[in-house]
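**Student:** With the hints as constraints, model all of the structure from the sequences given.
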Amino acid sequence: MTSPARLSDPGTHWEVADPERLATAIRLRAVRMVAAQGFGYLGQALSCAEQVAALFSVARPGADRIVCSPGHYVIAFYAAAAEVGLIPEHALDGYGQDGSALEAIGTERSPLFDYVAGSLGQGLSAAAGLALSDRLRARQVRTFALVSDGELEEGQVWEAAMFAAHHRLSALTVLVDANNSQVDGPVDTITTIEPVAAKWASFGWEPVELDGHDVRAVSLALAGARAASRPVALICRTSTAHGLDCLPPDADGHFIKLPPELAVAELTGRLERARA
Amino acid sequence: MREPPYQTVLKPYGQALVELARRRDDVLCLSGDLTRQCEIDLFAGAFPDRFIHAGMAEANMIGVAAALARCGHIPFVHTFGVFATRRPLDQIINAVACPRLPVRIVGFMPGVSSPGGPSHQAIDDVALMRCVPGMTVIDIADAVQAGQVCDAIVDLPGPVYLRLKRGEIPVIFDNGHHLALDHADVLTSGADVALFASGMMLAPSLAAAAVLAGHGIGVSVVNVPVIKPLDEATVTRVSSACKVVLTAENHLITGGLGSAVAEVLAESGAARPLRRIGLRDTFAEGAGTAPYLFGKYGLSTQSIVEGAWHALGLPGAAPEADVADAGAGEYSPV
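For the protein sequence lines, the chains are A and B, in the order given. Mapping the first sequence onto our numbering, position 58 (from 1) lands on 58, and the numbers just tick up by one. Mapping the second sequence onto our numbering, position 159 (from 1) lands on 159, and the numbers just tick up by one.
It cannot be assumed that every hint is accurate.
[As the list claims (entries may be wrong)] Now the stretches of chain B that chain A is said to cover, found in silico as 3 or more residues with beta-carbon under 8 Å:
#1 46 to 55
#2 67 to 80
#3 258 to 264
These are computed hints drawn from the structure, not numbers from a lab. Ideal Cβ placement from N, Cα and C applies to all residues, glycine included.
**Tutor:** Next comes the structure, spelled out in structure tokens:
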């Protein structure tokens, strides 16, 4: 099995039977991916697991475009892709290791995405460009972009937000992972970005604020965005520690150090109980 | 080759882009709120559906253009050189250059051709773009070249930075001139001075060569429209056949044509005494006219004559360069 270049490439196919279970599986796989080193971008996977699970449930395989603006989040997409059979399981073992195609911060070499970048704040512009191209060519596909709340500090995000709204790129839907986490600490202690939903609204978008760990709500909102006449921003309120109780209370959300055995046991147990 | 004062024309690039777009429906045109200034009001009128206002938001404009290129379009992105290179450098590197996308970044108003002060004077754009892996860097000298450059670059692999004069564009070359991107053009032959010139410094270089010829000094003037990848063979060959080497650029002497030539000469072992004509570790200033700035910052015909004179170790003062008077609609170098 070879990894698909992009999830949007024609012929790519996958199915998601149970989005909630996929979210937990993303967490388990992400824990294993960072376990080799005992640390890594696990907090990103924990906060966006439901969003990625919902995306894999709603996006049309081989058609809709996926943009991951913060390259540190690729861990969750790799985990999901392995879970649905798009990436060989053993490839995840190399995540972030020397010579691996699965770099820890997404790059041009990374599979799955229509665009991913490690220099933050750039993904929404790419997503707008992709959506614009699709409209120029009358292609009936959607573009989904994951953007992190820390990225909202970058001016380019708002340049892109204005551009997308002005050009009425209604095929574009953004997931804002509002996990209140950035390198230096909680976002709200670094820069006040609130009111996030009102900002998107004032920039001409249709904002939807929701519990980002409610996979059903996220899936419904993603599907519902199809009917909007403007681009839609889903403000997903999340936590970088969600779904992993064994983490210490002071875990650094951007770069988590974890007890791998406890984490694997906890998540494996949860998956087995769900199956039972 | 014509003689100064040169006749000028308006919007040769803008017309050429429209002509290209008639033949190529993959060509798109983006503007960063400088549509008329970048001659693309012509494109907006001819192909409104393929013209995209990006507004005053260069980072986003580059990101959008990169995504369009990723989808198979050939986006030509327009603004002034300062805004095209300084502001979105990270976007150019990450979104365009790293994936080697065919985005054509067109920066108007090079160097001190703008009297608008340091914020508007692209004195470092060539250096910034030259250090980006895979970027082709082109500095166009006249209207004949400007009329051919769209066709010349549309199918080049990877990104291109194109530097263009704004406003009245002099016609220096004969109509039969062919803009070649794979080699520099040796325009005059002389065995004393190898003079490599790009963009707006071609005109004063030709004028300086004429002054020096009048004093028995032979100058090989080489027009270098493509600064990267540089035609190293011609640089080495012409330099080896001369006593001294000069470069002339409407730009800082660091990072641009002068640096590129110096690197080639040093590595080839063909080193000659070298004088680089350009801005010397300084910003320029706001002023009333561009000619004042070309004179003040050492970008004049006289500066080139003196550079050659002193590089050759000739005694006494360098000869005075007469500057051709330019009437309305004409162009003469300072």
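**Student:** With reference to the structure, classify each hint as holding or not holding.
**Tutor:** Hints, one by one, checked against the model:
For the region 46 to 55 of chain B, the proposed coverage by chain A is satisfied: 5 residues have a C-beta within less than 8 Å of a C-beta in that chain, meeting the threshold of three. Residue count for the region 67 to 80 of chain B with a Cβ under 8 Å from a Cβ of chain A: 6. That meets the three needed, and the coverage hint holds. Counting residues of the region 258 to 264 of chain B whose CB lies closer than 8 Å to any CB of chain A gives 0, which falls below the minimum of 3, so the coverage claim is violated.
The structure fails to meet hint 3 from the earlier list, while all remaining hints are met.
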